[in-house]
Amino acid sequence: MNRLSVSLPGLDLKNPIMPASGCFGFGREYSKFYDLSKLGAIIIKATTVEPRFGNPTPRVAETSAGMLNAIGLQNPGLDAVIEQELPWLAQYDVPIIANVAGSQVEDYIKVAEKISKVPNVHALELNISCPNVKSGGIQFGTVPEVAYELTKQVKKVSSVPVYVKLSPNVSDIVEMALAVEEAGADGLSMINTLLGMRIDLKTGKPVLANKTGGLSGPAIKPVAIRMIYQVSQRVNIPIIGMGGIMSAEDVIEFFMAGASAVAVGTANFIDPYVCPTIIDELPKVLDEIGVNHISELVGRSWDRAGKTANCSS
Amino acid sequence: MNRLSVSLPGLDLKNPIMPASGCFGFGREYSKFYDLSKLGAIIIKATTVEPRFGNPTPRVAETSAGMLNAIGLQNPGLDAVIEQELPWLAQYDVPIIANVAGSQVEDYIKVAEKISKVPNVHALELNISCPNVKSGGIQFGTVPEVAYELTKQVKKVSSVPVYVKLSPNVSDIVEMALAVEEAGADGLSMINTLLGMRIDLKTGKPVLANKTGGLSGPAIKPVAIRMIYQVSQRVNIPIIGMGGIMSAEDVIEFFMAGASAVAVGTANFIDPYVCPTIIDELPKVLDEIGVNHISELVGRSWDRAGKTANCSS
Amino acid sequence: MMKQWMKVVSQKEIAKNIYELVLEGELVAAMKEPGQFVHLKVDESTDPLLRRPISICDIDHDQKRFTMIYRAEGKGTTILSKKKENDQVDVLGPLGNGFPLNEVGKGDTALLVGGGIGVPPLYYLSKQLVKKGVNVIHVLGFQDKSVMFYEEKFQALGTTFIATVDGSYGTKGFVTDVITQQNIQFDCLFACGPKPMLKALDDRFRGQKGFISLEERMGCGIGACYACVCHLQEDPEGPSYRKVCSDGPVFPLGEVLL
Amino acid sequence: MMKQWMKVVSQKEIAKNIYELVLEGELVAAMKEPGQFVHLKVDESTDPLLRRPISICDIDHDQKRFTMIYRAEGKGTTILSKKKENDQVDVLGPLGNGFPLNEVGKGDTALLVGGGIGVPPLYYLSKQLVKKGVNVIHVLGFQDKSVMFYEEKFQALGTTFIATVDGSYGTKGFVTDVITQQNIQFDCLFACGPKPMLKALDDRFRGQKGFISLEERMGCGIGACYACVCHLQEDPEGPSYRKVCSDGPVFPLGEVLL
Ligand SMILES: Cc1cc2nc3c(=O)[nH]c(=O)nc-3n(C[C@H](O)[C@H](O)[C@H](O)COP(=O)(O)OP(=O)(O)OC[C@H]3O[C@@H](n4cnc5c(N)ncnc54)[C@H](O)[C@@H]3O)c2cc1C
Ligand SMILES: Cc1cc2nc3c(=O)[nH]c(=O)nc-3n(C[C@H](O)[C@H](O)[C@H](O)COP(=O)(O)OP(=O)(O)OC[C@H]3O[C@@H](n4cnc5c(N)ncnc54)[C@H](O)[C@@H]3O)c2cc1C
Ligand SMILES: Cc1cc2nc3c(=O)[nH]c(=O)nc-3n(C[C@H](O)[C@H](O)[C@H](O)COP(=O)(O)O)c2cc1C
Ligand SMILES: Cc1cc2nc3c(=O)[nH]c(=O)nc-3n(C[C@H](O)[C@H](O)[C@H](O)COP(=O)(O)O)c2cc1C
Ligand code: FES
Ligand code: FES
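Residue numbers (the numbering used here), protein chains in the order written: chain A, 1 to 313; chain B, 314 to 626; chain C, 627 to 884; chain D, 885 to 1142.
Hints in this document: simulated from the structure, not taken from any laboratory.
It cannot be assumed that every hint is accurate.
Among the chain B residues that face chain C by a calculated CB cut under 10 Å, a handful are [unchecked claim]:
#1 S318
#2 C336
#3 V362
#4 P364
#5 V373
#6 G379
#7 V604
All residues carry an ideal CB built from backbone N, CA and C; glycine is no exception.
Start from the sequences and build out the full structure, keeping to the hints where you can.
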């Protein structure tokens, strides 16, 4: 029996470990370190209609137990991804989740429709953390109605299940989750990065050329765990959890919080072998906690008795 | 000349360093380590109308470069604070900022009115991160209208300037800041903790008895810097900055982001001498970056050219 | 109470994952009562961020050294276990109120009950009691033989019974089983160990003279953050409380709610 | 390209805050081109989290050792500077494409220009060029005398000019001043240093044969994260790009926008 296999909409995975979008390019670099077929799935870098250069550099900055990035969705564009990257990935026995981004609903529709038809793309991940230029820069990811509408439109055109990737920069993550669930999302993916900034003391200016950037890494793990815990108890669709995962123990914590699979982002930069290492370690950790199959852990921490609403400080 | 003196509404400070609320009790313990008169000010533990025991234990958990707490506003209550704690603190030459909390507007009014009349209380800090029981648990800190109303009511009864302490768990921190500024807040204090959670792998249950808790420490610094940077450019009232400050360099970063004074929280637990150490180090760091007076740094990082709205990932 | 970088004199694994660490520095001069603890920063890094509370196991004032015994389990203690001779460790201490020595006198019998990593503080306590002419009986409980330590050292001070949960050494079962079987009588009880053990002792011997040492997750370790509070037995729901770090960690039997 | 724990053979402060670190391990076998770099994790902790890119300064394949020279400045390099003999360092490498050796031949003159901590990779380059019979001229710029290093080592390989910004040693001014004053002619230029220096060289010698090595803040170091990209001179606003970590860090003169 495979103790790590999980089954999610569109995704029958040999294990629940996948590299997170933007942290693995299109797999080429990591294929030099190990066989990509080992992975549960691969979430590829955000794809937009046109090729994008992204933001000026510096694009990354370090923080305590975290990093900021402001890559700016650099990618070769829809056509190049479909013609060059996805066919190259097809040599591996691994389902692909295509991360879809854009600045307006039409962009998402265009990318989703076309990319979801590529055979090795088994699911889409809608990256709704970008500002919607048409509605004056309001973020798709922070207004439930806007996220609802986007999800609905994309669902209409997608040939594969759609996972919506939630932004943590919101007052009420449950409200966002419920909105996209109602719009027909097949699953959720959470969390994207927290918005942060660092200033260079020598220049007095932000370290990142883009000024602000997305915070990822172990620093954000407790926020991710909390949000997954809250959301998983309120929705009926599965969650791909992410945010600071560095080890097999972290994966277990995400499952207990309510995730049904996980993505590993920043950790790939620290250790290119982190995904296969976690996959190898997981059975041992399951043994330690006396669990047979990883899926038994989903939501183990849930509070079946009811909710508390205390002031935390 | 005192290179560290700063002047804020109600607060003429010999230096801009103060312990953050809840991380310094009422000063008694730290007075065994150094003379409290050395501090710019002291923000005392949240005071509520009645004595409170707070949440069950465990109340703290460790995270990467951070900690979670769910103390639950334990405090001896308004009368005991006024009769025992504040008179004791009056022996020191240090202004006190009283952190005011409650579960409904009336609680805040009662505490604010009475505590603001105590001679050594020079300002109030409204802790609006708690759920408002009367409006069904909605947080004062996440709905601009609710925060506006609370601030307005408290301003009416307070004999000293009022600083509103913003919660970072919101989609739009600028909107919150503008609301309380309009309500008459004399200053802002930011940020309070991010809501987070950790799960104990052995039990499968949250580490904290309260399940979720507030994340503080270096992990949250980039979020604090970003929010202060955004808010300081939009309001006309000063900001007391906090969130992960551990060193004099961190203080400089907060000033450059737009803070006019800072509070140090979690770091007191790591090093009880951290506040006086930072105060002693600051002049050296000012020398290194060639700055005469610390106030010259306020907002040095601001973007006078305009705003960017790029997607960070 | 001070903060100081102390020098590692020696570090040894004395049982499975159980380390004995000897540190040297001026701070030792302030260590008075058995049962006090130190709060350690294992690393300059922010991860792990918090200090770790560890009991003082033995004190050598002449050499300015003290001994602690701890289990390397989580992130912090694992890092600590890698410190080598002459490395420096950031120590805050001594903290808290320890076991009172003046509650027993020459010729009295003291029962010292320890469980697992609750055993270490009893060692310096026992030494001090013996010095006063107190007759000491030790009942020490461990998970199994592999994690047992200091049996001979305690034996040298007084009668010593060992219990292991799996029976791999000494009596099979808990410390309370030993006390029952041996029908041990005492003038004063001193105990340190896991909460269920303390609770069993508290239930059984409430009313008698005794002191127990508690563990709780800590923030500051000095009484400022309210992380480590517990209720009083006489006011189990009310606002009265004790802080384990600064009021304790040692409390009289029957005082705090377990 | 592999990841390995390598052993510290030696670490020395060779100028003010400038450290020379020699590491040993199998990974050295894969090091081929001068100008490649390694990506180091200075600590197992998550703070600092990211690896640090440092150039390979010298390689000793027989002893499986390589040398790097770095300035201890920020959090990561300061921690690195405290590593002692026999400590282990987590190294990912060798990464990137280095300086091409086949662009110059016996009897040709190569001008090697380095600025500050851009100097180290030129050392192994120079050794390899000299081995090929290439005539090398070094122009090395430093802030001031206190941070200068390896003057004699370069001198042993070929003519070496030093410039210091404050004139405390050698020519007062920049490397470009030296090149002008000495009217240095060359068949191929190799340069590594701060961006303004590279830009000055690129502006002046574009069209001639030459290679420059760039620095950029990095995430992965292997080409996956798009942190370290730069525009091409022929398409300064468009979507075409090079990654410093995997396409570079060495680029032909005139290729990338500085
Ligand atoms: C007064 C006092 C005295 C103690 N004396 C000893 C001793 O002599 N020997 C010994 O081995 N242990 C002792 N402990 C327990 C010891 O503090 C924990 O085992 C240790 O903190 C665990 O740290 P870690 O890095 O291994 O675990 P991690 O899991 O990395 O710890 C995470 C966080 O939880 C806290 N924590 C985890 N377990 C405990 C616990 N049991 N008690 C309190 N905090 C905990 C840690 O301090 C840290 O803040 C004592 C605890 C207290 C309160
Ligand atoms: C290809 C390459 C080769 C290099 N070779 C050398 C060398 O041989 N010797 C040497 O001393 N330095 C070299 N550097 C620069 C070196 O990487 C930085 O000095 C170092 O990363 C700074 O780390 P820190 O811990 O001191 O600073 P911190 O301020 O703690 O660094 C914070 C973050 O910023 C990054 N960063 C800071 N400065 C730089 C910089 N100048 N370039 C790239 N990233 C930076 C760090 O890597 C880290 O991610 C090289 C850089 C690159 C890209
Ligand atoms: C350099 C970098 C680039 C990223 N690019 C994308 C992206 O293109 N699309 C996306 O949805 N998320 C992107 N992310 C977010 C990650 O997929 C992930 O949600 C986040 O980093 C949290 O996980 P981690 O802490 O494991 O990195 C990016 C993150 C990083 C660090
Ligand atoms: C143990 C603890 C208790 C706290 N109690 C309060 C409180 O009573 N009132 C309040 O406004 N903030 C409280 N805070 C939040 C801090 O004042 C501060 O805003 C936050 O911790 C961020 O700063 P730091 O990272 O320096 O700790 C508390 C924080 C901690 C860690
Ligand atoms: S640990 Fe802070 S009060 Fe006890
Ligand atoms: S550092 Fe990641 S692509 Fe170059």
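Problem set entry | Numbers of unmet hints, in rising order | 1, 3 and 7
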